[in-house]
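Student: Below are the chains, spelled out letter by letter.
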Amino acid sequence: EVQLVESGGGLVQPGGSLRLSCAASEFTFSSYWMHWVRQAPGKGLVWVSRVNGDGSSTNYADSVKGRFTISRDNTKNTLYLQMNSLRAEDTAVYYCAREMQTGDVSTRHFDLWGRGTLVTVSS
Amino acid sequence: DIQMTQSPSSLSASVGDRVTITCRASQSISSYLNWYQQKPGKAPKLLIYAASSLQSGVPSRFSGSGSGTDFTLTISSLEPEDFATYYCQQSYSTPRTFGLGTNLDIK
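So the sequence lines, in the order shown, correspond to chains E and C.
If you count the first sequence from 1, position 28 lands on 28 in the numbering used here, and the numbers rise without skipping.
If you count the second sequence from 1, position 96 lands on 96 in the numbering used here, and the numbers rise without skipping.
Calculated from the structure, these hints are not laboratory results.
This one's a predicted model, so the numbers in the text were calculated from it and none came from an experiment.
Glycine residues also receive a C-beta, built at the ideal position from the N, C-alpha and C atoms.
You can trust all of the hints, since none of them are fake.
Calculated lysine-lysine pairs in the DSS-like style (CA-CA distance at most 30 Å, straight line): (1) E:43 / E:65; (2) E:65 / E:76; (3) C:107 / E:43; (4) C:45 / E:43; (5) E:65 / C:45; (6) C:42 / E:43; (7) C:39 / E:43; (8) C:107 / C:45; (9) C:42 / E:76; (10) E:65 / C:42; (11) C:42 / C:107; (12) C:39 / C:107; (13) C:45 / E:76.
One side only, chain E facing chain C, incomplete, derived with CB under 7 Å: (14) 44; (15) 45; (16) 59.
When you get a sec, could you build the whole thing from the sequences and use the hints?
Tutor: If you want it as structure tokens, here you go:
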């Protein structure tokens with residue numbers, strides 16, 4: 001089955017670190033840009049970061065720049081998000097998502113999402 | 001960064017109603033606009049991409065239109081399973097910003 005499965009969430013103290021993983025199955029993982037999107041409790045979706053297919057290009061939301069690092073291991077079909085210097089406002093469900101492009105670049109969209117992993121930053 | 005503004009933020013409607021949700025981009029994004037549906041405790045689900053293309057498996061009562069800065073998502077006749085939160089997202093540039101969402105609930 002084509003799917004994404006996140007793991008690595010949990011409770012961490014402010015200032016701590018956590019690494020999230022997103023395991024991809026049944027598709028050519030290296031062919032796709034991958035993204036992290038988060039959702040704080042009761043709030044909307046917020047884009048966090050993205051990485052291109054070979055891992056050579058990354059982007060971050062201003063709110064996490066310098067603290068989070070996105071990476072991927074295409075031999076393991078796995079996406080990562082290393083989160084350092086965590087703050088209470090980083091508390092959220094973190095989703096990984098695949099970006100699909102069906103032809104013209106205007107068709108870019110997130111067609112496959114994981115179920116999410118909850119990160120709680122609290123003392 | 002491109003800002004996405006959705007309206008209304010919440011909407012009450014009845015089964016069978018026709019509903020329209022709007023999304024406005026802070027600059028022109030051509031047709032780089034996607035719509036997602038999210039139900040409580042679930043991951044978002046793609047409904048419409050490239051402003052008006054229906055994702056495979058999505059019922060035809062969902063449709064999207066618009067280009068440039070103004071877009072709409074229309075549900076032609078609400079079904080019970082359509083009560084959810086809807087988000088627009090631009091894919092014109094990074095960051096891939098989302099609107100704040102429209103919560104559609106039962107009147």
